[in-house]
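For reference, the chains in residue letters:
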Amino acid sequence: DTAVSQTPKYLVTQMGNDKSIKCEQNLGHDTMYWYKQDSKKFLKIMFSYNNKELIINETVPNRFSPKSPDKAHLNLHINSLELGDSAVYFCASSQLGGGNEQFFGPGTRLTVL
Amino acid sequence: SQQGEEDPQALSIQEGENATMNCSYKTSINNLQWYRQNSGRGLVHLILIRSNEREKHSGRLRVTLDTSKKSSSLLITASRAADTASYFCATALAETSGSRLTFGEGTQLTVNP
Numbered sequence: 013d014t015a016v017s018q019t020p021k022y023l024v025t026q027m028g029n030d031k032s033i034k035c036e037q038n039l040g041h042d043t044m045y046w047y048k049q050d051s052k053k054f055l056k057i058m059f060s061y062n063n064k065e066l067i068i069n070e071t072v073p074n075r076f077s078p079k080s081p082d083k084a085h086l087n088l089h090i091n092s093l094e095l096g097d098s099a100v101y102f103c104a105s106s107q108l109g110g111g112n113e114q115f116f117g118p119g120t121r122l123t124v125l
Numbered sequence: 008s009q010q011g012e013e014d015p016q017a018l019s020i021q022e023g024e025n026a027t028m029n030c031s032y033k034t035s036i037n038n039l040q041w042y043r044q045n046s047g048r049g050l051v052h053l054i055l056i057r058s059n060e061r062e063k064h065s066g067r068l069r070v071t072l073d074t075s076k077k078s079s080s081l082l083i084t085a086s087r088a089a090d091t092a093s094y095f096c097a098t099a100l101a102e103t104s105g106s107r108l109t110f111g112e113g114t115q116l117t118v119n120p
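Keeping their order, the protein sequence lines are chains Y and B.
Going by the working numbering, the first residue of the first sequence is number 13, and it counts up by one from there.
Going by the working numbering, the first residue of the second sequence is number 8, and it counts up by one from there.
Where hints are given, some of them may not hold.
[Said to hold, decoys possible] Where chain B lies over chain Y, by a calculated footprint (3+ residues, C-beta under 8 angstroms):
id, segment
1, 22 to 35
2, 82 to 88
[Unchecked claim] Derived lysine-lysine pairs resembling DSS-like cross-links, with alpha carbons at most 27 angstroms apart:
id, chain 1, residue 1, chain 2, residue 2
3, B, LYS76, Y, LYS53
4, Y, LYS52, B, LYS33
5, B, LYS77, Y, LYS48
6, Y, LYS34, Y, LYS56
7, Y, LYS64, Y, LYS52
8, Y, LYS34, Y, LYS21
Hint data in this document are derived by calculation from the structure and do not stem from the laboratory.
Note that beta-carbon positions come from the ideal geometry of N, C-alpha and C, so glycine has one too.
The following block holds chain B by itself, in its conformation from the complex (with noise of 0.2 angstroms):
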């Protein structure tokens, strides 16, 4: 299976609500990231946390990381339609060359008006 396993693969939620979406990764990382994806798009950055840090906010976003577990959630407070969406954990390898990421399978997020 893949480094980075979401979950929920989808999600879906009325605006105003609350998004929590899980990442589950097998071995040591130096940083996880999130990345959101929309429709036709390319990928957007969002948020890297590092392996030392266990949570980090930006705006609506709040990304928890538990190395012992080897998982990670995004929240998204508030939720609305725009920001309908796939959503991507990324994590860089503790012994990475180069700047390797390897992305989870996503979570698909529709917020409804």
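Same shape as in the complex, but just chain Y (with noise of 0.2 angstroms):
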């Protein structure tokens, strides 16, 4: 059984749109995360979610949006796409507290055209 998974895997799509990428958990988690990877491999973190409270809200343009329905789902929504926005996205979980070990998602592969 998937432990985080992420749909969709591609996102290809026109500058200006509006597109969303979802996430779930199974392992019981307490707290996601959305990281952006760019094309130089550098991770960096954009949200974090406990318990479907936002804990972690690094500089990110107000274009991007994270959703936390509950706290085995957060899904990120990105208003007007620019082409800077292409990059791969994760999605993980983890128990909180004492910067425990994250389970990542298979990431999702963005492209802005």
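Each chain sits in its own coordinate frame; assemble them with the hints.
And the structure:
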């Protein structure tokens, strides 16, 4: 069974469009994250939610809006997509506290044309 | 520069050889973790070493931590072609909120058969 799943795996879209990426974890974790990995493989945290509450919000354009309907789901909605948004987006989850081990989803490769 | 910096950026060895990757960081940490990322996949947790530990083993992996030098190393012994991947260190800061991890830039390991 997949522990952290994301959909879609690939997303190709035009500049200016709005798109969403969905994430679900079945590990019973309290905390979920969104990361962006650029073409040089640098991984940067974007958001973190603990039990549906936002706890980390890095300097990310407000075109990016996370939504957590329950603690097992964390979705990422992106408005007015730009070329620079092209990257691989990873969802992850962990138990809260002390920098615990994180479990990553397979990633969503977003290409903005 | 980043909290976690790794060297080398790329390492190419023959099957059976040992591979050593290094990670340096700047601030006090709670723990340091190593992750592996196969091409086109999500990150997988390998090992976690706490700030009060100096060495840890897991199978063919050996991790050391020197908090006085703010550095860690990951040794993979008797490497296999299947070890080919990117390896990232990640630090959990001592005064972290939530479960924030800061990732290094990664080392691309290629193990030639």
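Here is what the structure says about each hint:
1. 22 to 35: With 0 residues in contact (Cβ-Cβ under 8 angstroms with chain B), the coverage given for the segment 22 to 35 of chain Y is violated.
2. 82 to 88: violated (count 0)
3. LYS76/B with LYS53/Y: It holds: about 26 angstroms lies between the C-alpha atoms, which stays within 27 angstroms.
4. LYS52/Y with LYS33/B: 22 angstroms, holds
5. LYS77/B with LYS48/Y: Holds, at roughly 26 angstroms.
6. LYS34/Y with LYS56/Y: 18 angstroms, holds
7. LYS64/Y with LYS52/Y: 31 angstroms, violated
8. LYS34/Y with LYS21/Y: 10 angstroms, holds
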